[in-house]
Structure formats: C-alpha cells, structure tokens
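**Q** Generate coordinates for the entire structure from the input sequences, incorporating the hints supplied.
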Amino acid sequence: MPEYEVNGSFEPGGEKRDFTQVIEAENADVARERTYAELGSRHRLKRTQIEVDEVNQA
Numbered sequence: 001m002p003e004y005e006v007n008g009s010f011e012p013g014g015e016k017r018d019f020t021q022v023i024e025a026e027n028a029d030v031a032r033e034r035t036y037a038e039l040g041s042r043h044r045l046k047r048t049q050i051e052v053d054e055v056n057q058a
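Taking the UniProt record's numbering, the leading residue of the sequence shown gets 1, the next gets one more, and so forth.
Take the hints with a grain of salt, since some may be wrong.
[Stated by the list, open to error] Heads up, simulated SDA-like pairs for lysine to any residue below, C-alpha to C-alpha not over 25 Å straight-line:
| hint | residue 1 | residue 2 |
| --- | --- | --- |
| 1 | K46 | G14 |
| 2 | K16 | E51 |
| 3 | K16 | E33 |
| 4 | K46 | S9 |
| 5 | K16 | I50 |
| 6 | K46 | R17 |
| 7 | K16 | R47 |
| 8 | K46 | V30 |
| 9 | K46 | E5 |
| 10 | K46 | E33 |
| 11 | K16 | L45 |
| 12 | K16 | E38 |
| 13 | K16 | R32 |
| 14 | K16 | M1 |
To be clear, the hints were calculated from the coordinates, so they are not data collected in a lab.
**A** Spelled out as structure tokens, the structure:
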C-alpha cells in the first residue's frame with residue numbers, strides 16, 4: 001500500500017498546533033479518514049477541531 005503525508009492543524013484546548021503524519025492507506029481519502037480517527041482518539045478531538053490542509057503521496 002502507498003504512503004501518504006497528511007499536513008494540517010488541530011486545536012486542543014484552544015491553542016492551534018500543526019501536524020504532519022505519514023499514513024499507509026489505499027488512497028488519499030482513506031488516509032484523511034485515518035488521520036481524523038487517530039488524532040481524535042489520541043487527543044480526544046472532534047472532526048471539527050481537526051483541519052487537514054493537504055494529503056500528498058509520500
């Protein structure tokens with residue numbers, strides 16, 4: 001499976017933090033969804049608190 005680099009930001013507790021994550025996924029849409037799931041689970045965030053700026057194949 002190809003790897004995708006997902007860039008964006010999220011707001012835990014009102015402060016904005018940037019992130020870059022490399023995800024192994026079938027396509028860019030799946031990589032975006034896995035990013036939402038992982039960040040939401042790890043940082044207790046809702047999708048509205050996560051902003052994905054771009055998804056590029058690594």
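**Q** For every hint, state whether the structure bears it out.
**A** Here is what the structure says about each hint:
1. K46 - G14: holds, 13 Å
2. K16 - E51: The given pair, whose Cα atoms are some 10 Å apart, holds under the 25 Å limit.
3. K16 - E33: Holds. K16 to E33 sits at ~20 Å (cutoff 25 Å).
4. K46 - S9: holds, 13 Å
5. K16 - I50: Given pair K16, I50 holds - Cα atoms ~10 Å apart, limit 25 Å.
6. K46 - R17: holds, 15 Å
7. K16 - R47: holds, 14 Å
8. K46 - V30: holds, 17 Å
9. K46 - E5: holds, 21 Å
10. K46 - E33: holds, 12 Å
11. K16 - L45: Roughly 12 Å between the alpha carbons, so the hint for K16 and L45 holds.
12. K16 - E38: holds, 17 Å
13. K16 - R32: holds, 19 Å
14. K16 - M1: The given pair, whose Cα atoms are some 31 Å apart, is violated under the 25 Å limit.
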